[in-house]
Amino acid sequence: MSSRRRRPIFTTRLTRARNVAARVFARPLSWLRPTTQFVIAFTVLSIATTFLLSHTHTQAPMEMYREGDVVRTSVIAPADIGYEDPQLTEAARATNPSAPPVTGWLRRNQVVAREGDTVTARMLAQMDAIRAYSHHERRPEHYLGLLFLVAALYWGVWKFVEHRSLDKALPLSQAKTYTLLTSAILIETLLMRVGVIVAKSISVQYERAPWNDATILSFAIPFAAATLLVALLMDVQLALITAIITAIFAGLLAPNGVMMACYAMISSSAAIFGVGRYRERQSVTVAGLYVAIVNALAAIAVLFATQQPLTIGSLLLAFGCGLAGGVLTTIFTAGGLPVNEAVFGVLTDVKLLELSNADLPVLGQLALRAPGTNQHSHAVGQLAEEACRAIGANALLARIGALYHDIGKLAAPDMFIENQTGDNPHDRLRPSNSARIITSHVTYGARLAKEIGLPKKIADFIPQHHGTRTLHFFLRKAQAQAIHGEQVNEAEFRYPGPKPQFKESAIMMLADSCEAAARSLARPDPQNIRTICNKIFEAIVSDGQLDECDLSLRELTAIRESIITALTAIYHARIDYPGFNPPALSNSMAAVLPAAELDTEERGVHYNKPSEVPISQGGEVEDEAVTSKGRQ
Numbered sequence: 001m002s003s004r005r006r007r008p009i010f011t012t013r014l015t016r017a018r019n020v021a022a023r024v025f026a027r028p029l030s031w032l033r034p035t036t037q038f039v040i041a042f043t044v045l046s047i048a049t050t051f052l053l054s055h056t057h058t059q060a061p062m063e064m065y066r067e068g069d070v071v072r073t074s075v076i077a078p079a080d081i082g083y084e085d086p087q088l089t090e091a092a093r094a095t096n097p098s099a100p101p102v103t104g105w106l107r108r109n110q111v112v113a114r115e116g117d118t119v120t121a122r123m124l125a126q127m128d129a130i131r132a133y134s135h136h137e138r139r140p141e142h143y144l145g146l147l148f149l150v151a152a153l154y155w156g157v158w159k160f161v162e163h164r165s166l167d168k169a170l171p172l173s174q175a176k177t178y179t180l181l182t183s184a185i186l187i188e189t190l191l192m193r194v195g196v197i198v199a200k201s202i203s204v205q206y207e208r209a210p211w212n213d214a215t216i217l218s219f220a221i222p223f224a225a226a227t228l229l230v231a232l233l234m235d236v237q238l239a240l241i242t243a244i245i246t247a248i249f250a251g252l253l254a255p256n257g258v259m260m261a262c263y264a265m266i267s268s269s270a271a272i273f274g275v276g277r278y279r280e281r282q283s284v285t286v287a288g289l290y291v292a293i294v295n296a297l298a299a300i301a302v303l304f305a306t307q308q309p310l311t312i313g314s315l316l317l318a319f320g321c322g323l324a325g326g327v328l329t330t331i332f333t334a335g336g337l338p339v340n341e342a343v344f345g346v347l348t349d350v351k352l353l354e355l356s357n358a359d360l361p362v363l364g365q366l367a368l369r370a371p372g373t374n375q376h377s378h379a380v381g382q383l384a385e386e387a388c389r390a391i392g393a394n395a396l397l398a399r400i401g402a403l404y405h406d407i408g409k410l411a412a413p414d415m416f417i418e419n420q421t422g423d424n425p426h427d428r429l430r431p432s433n434s435a436r437i438i439t440s441h442v443t444y445g446a447r448l449a450k451e452i453g454l455p456k457k458i459a460d461f462i463p464q465h466h467g468t469r470t471l472h473f474f475l476r477k478a479q480a481q482a483i484h485g486e487q488v489n490e491a492e493f494r495y496p497g498p499k500p501q502f503k504e505s506a507i508m509m510l511a512d513s514c515e516a517a518a519r520s521l522a523r524p525d526p527q528n529i530r531t532i533c534n535k536i537f538e539a540i541v542s543d544g545q546l547d548e549c550d551l552s553l554r555e556l557t558a559i560r561e562s563i564i565t566a567l568t569a570i571y572h573a574r575i576d577y578p579g580f581n582p583p584a585l586s587n588s589m590a591a592v593l594p595a596a597e598l599d600t601e602e603r604g605v606h607y608n609k610p611s612e613v614p615i616s617q618g619g620e621v622e623d624e625a626v627t628s629k630g631r632q
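Residue numbers (this note's numbering): 1 to 632.
Hints listed in this document are in silico derivations from the structure and should not be mistaken for laboratory results. Every residue gets a Cβ at the ideal spot worked out from N, C-alpha and C, and that includes glycine. Please note that the accuracy of each hint is not assured.
[Claimed, not checked] Taking CB as the label site, the calculated pair distances span: (1) Pro338 to Gly257: 29 to 37 Å; (2) Thr306 to Val198: 28 to 36 Å; (3) Arg554 to Trp155: 39 to 47 Å; (4) Val44 to Val198: 21 to 29 Å; (5) Val258 to Leu310: 14 to 22 Å; (6) Asp427 to Gln282: 53 to 61 Å; (7) Ile187 to Thr468: 37 to 45 Å; (8) Val258 to Asp550: 43 to 51 Å; (9) Glu548 to Asp423: 37 to 45 Å; (10) Ala132 to Val20: 43 to 51 Å.
[Claimed, not checked] Subject to a maximum C-alpha distance of 27 Å in a straight line, what follows is the list of computed DSSO-like cross-link-like pairs (lysine-lysine): (11) Lys609 to Lys535; (12) Lys351 to Lys450; (13) Lys456 to Lys176; (14) Lys351 to Lys176; (15) Lys176 to Lys450; (16) Lys159 to Lys176; (17) Lys456 to Lys159; (18) Lys351 to Lys200.
Kindly generate the complete structure, drawing on both the sequences and the hints.
Shown next as structure tokens:
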């Protein structure tokens with residue numbers, strides 16, 4: 001008894017683990033409406049950011065002083081604060097040793113110490129009181145006000161994303177784009193908060209300048225990490241709004257708030273304009289080095305602008321901290337890129353190149369189980385890539401999309417002409433069953449794409465490259481075999497769609513049909529290739545398959561000429577040898593379908609004339625409809 005054949009594994013362990021994690025995290029909110037989910041996420045985001053921005057450096061002294069030190073930064077009381085006055089307490093205890101401490105009061109905006117003053121015992125007590133107030137005695141209205149400001153900023157980001165999606169198509173949906181931006185800002189705020197704490201902790205350990213200056217040490221904070229991440233994954237406009245919000249939060253968090261906000265904005269701007277096209281992982285390093293250089297120069301500029309004492313030590317420390325900020329920006333961005341690519345399904349050029357790896361399970365199975373389909377996919381990718389270059393579309397996206405557009409044929413590879421080397425299995429099936437098998441490779445391919453975690457933009461090629469076209473030749477066979485009065489359901493012979501929604505998928509549809517037709521020609525000379533391509537283009541346009549994408553007539557002409565040129569270059573070497581006469585064609589299928597001959601060395605069917613290729617009214621090449629008898 002033969003054992004049941006096991007289904008091949010098309011996913012990696014990482015993909016399976018990610019799918020499980022996604023289901024677990026999505027389950028608690030799955031029963032809520034999208035609007036409710038947004039409100040909950042927005043509220044949590046605003047509260048978390050407010051928490052990170054609270055207890056920050058405001059007017060409280062960051063530096064730790066000793067009596068007799070020189071005040072480096074003026075100190076102002078942020079509110080009415082009580083403190084234990086050492087001089088009054090000492091005077092009271094001089095007459096009564098058991099007297100309680102005497103409380104003094106600071107008034108709101110009262111100057112405690114000016115830059116250059118000598119620190120006294122009373123100043124130390126007042127600074128300690130201000131520091132304690134800043135960390136423990138914030139009033140509820142402070143948090144409510146800060147929460148409102150943070151929520152208003154995040155709401156502005158949402159409206160910007162909405163407007164941006166109307167102006168130009170975003171790489172992700174509005175919800176995913178907003179989630180990516182705000183999560184990047186939240187993580188950046190956390191990094192800045194940690195950086196400020198570390199800078200303060202280091203500065204209090206030193207008494208001598210410049211290491212006791214938390215402002216200089218804060219230059220090492222990676223202010224541009226979130227902006228660089230968004231610039232690499234999304235676009236410049238979204239990165240710019242990220243930079244603005246990051247700079248505002250930096251001003252609230254860091255010492256010398258206004259100057260640090262300017263520094264953060266300069267650093268983020270360097271990240272935006274320093275990054276080129278993201279096609280290699282080392283692009284992050286190059287952008288980080290650019291940020292480091294700009295940071296170092298901006299740090300020195302801040303020292304000049306704040307009129308701090310300039311020494312060789314302070315200049316070198318500021319320069320070094322600026323460089324460190326650029327290096328840390330590179331490290332955190334490089335670590336965040338693969339995580340965001342996986343979580344949000346962002347399709348960068350680097351991700352596309354990784355998807356072209358032939359060792360991936362699904363591509364390996366395609367080459368092993370459906371070699372004809374695999375060869376066809378690479379040929380279509382070459383055609384689509386050249387056509388995209390001709391009109392300025394994303395050539396790499398089209399080429400990688402071609403590798404996956406027919407993965408659904410793995411369900412039954414022998415049912416497709418390019419994988420057949422003998423009899424046609426469709427000879428033994430009803431036309432409706434054959435049509436169901438052929439069209440199901442689209443639905444199965446979509447399910448397989450979801451299973452393996454294929455990015456949505458790539459998965460969209462699978463249903464869109466066939467659109468809503470009808471298998472006319474199978475439909476005609478079904479109508480010819482129908483008993484008198486029997487109605488044939490045309491919906492059974494139609495692909496589920498949708499029609500191509502973007503330029504690259506439309507080009508895929510055109511290249512897919514043209515390659516299949518050219519491969520079917522016995523004499524693929526330039527004239528025959530041009531004739532067959534013109535016929536396919538006219539059929540696809542007439543069938544309305546390109547109505548939902550934004551291709552212009554000028555672009556269609558450029559695409560057609562590019563495909564014709566590429567096909568001519570591919571097949572120009574296929575010439576007949578002297579004395580070779582091709583076998584005569586059978587006329588057994590002349591009443592229904594054009595005749596063809598089987599090429600046993602190259603999978604598929606060959607036709608002597610372009611007019612004989614079975615091209616449907618929608619530009620679909622239906623070689624599978626040709627019976628084995630018609631191939632002999």
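Cross-check of the supplied hints:
1. About 34 Å separates the C-beta atoms of Pro338 and Gly257, a value consistent with the hinted range of 29 to 37 Å.
2. The hinted range of 28 to 36 Å is not satisfied by Thr306 and Val198, whose Cβ atoms lie roughly 21 Å apart.
3. Arg554 and Trp155 have their C-beta atoms about 42 Å apart, which keeps the hinted 39 to 47 Å range intact.
4. The hint said 21 to 29 Å for the Cβ distance between Val44 and Val198, and at roughly 26 Å that hint holds.
5. Distance hint check for Val258 and Leu310: the Cβ-Cβ separation is about 20 Å, which falls inside the suggested range of 14 to 22 Å.
6. In this structure the hint that Asp427 and Gln282 lie 53 to 61 Å apart at CB holds, the actual value being about 55 Å.
7. Under the hint 37 to 45 Å, the C-beta atoms of Ile187 and Thr468, about 43 Å apart, fit the expected range.
8. In this structure the supplied range 43 to 51 Å holds for Val258 paired with Asp550, their Cβ-Cβ distance being about 45 Å.
9. In this structure the hint that Glu548 and Asp423 lie 37 to 45 Å apart at CB holds, the actual value being about 39 Å.
10. For Ala132 paired with Val20, a C-beta distance near 48 Å keeps the hint of 43 to 51 Å intact.
11. Only pairs whose Cα atoms come within 27 Å are accepted, and Lys609 paired with Lys535 is accepted, the gap being roughly 13 Å.
12. Annotation: proposed proximity of Lys351 to Lys450 holds, straight-line Cα distance about 17 Å (limit 27 Å).
13. The straight-line distance between the Cα atoms of Lys456 and Lys176 is roughly 12 Å, inside the 27 Å bound, and the hint therefore holds.
14. With a C-alpha separation of about 18 Å, the suggested pair Lys351 and Lys176 falls inside the 27 Å cut-off, and the hint holds.
15. Restraint check: the Cα-Cα separation between Lys176 and Lys450 comes to about 17 Å, which is no more than 27 Å; the hinted pair holds.
16. With a C-alpha separation of about 14 Å, the suggested pair Lys159 and Lys176 falls inside the 27 Å cut-off, and the hint holds.
17. At most 27 Å may separate the alpha-carbon atoms for a hinted pair to count; Lys456 and Lys159 meet this at roughly 24 Å.
18. Between the alpha carbons of Lys351 and Lys200 the distance comes to roughly 40 Å, so the proposed pair goes past 27 Å and is violated.
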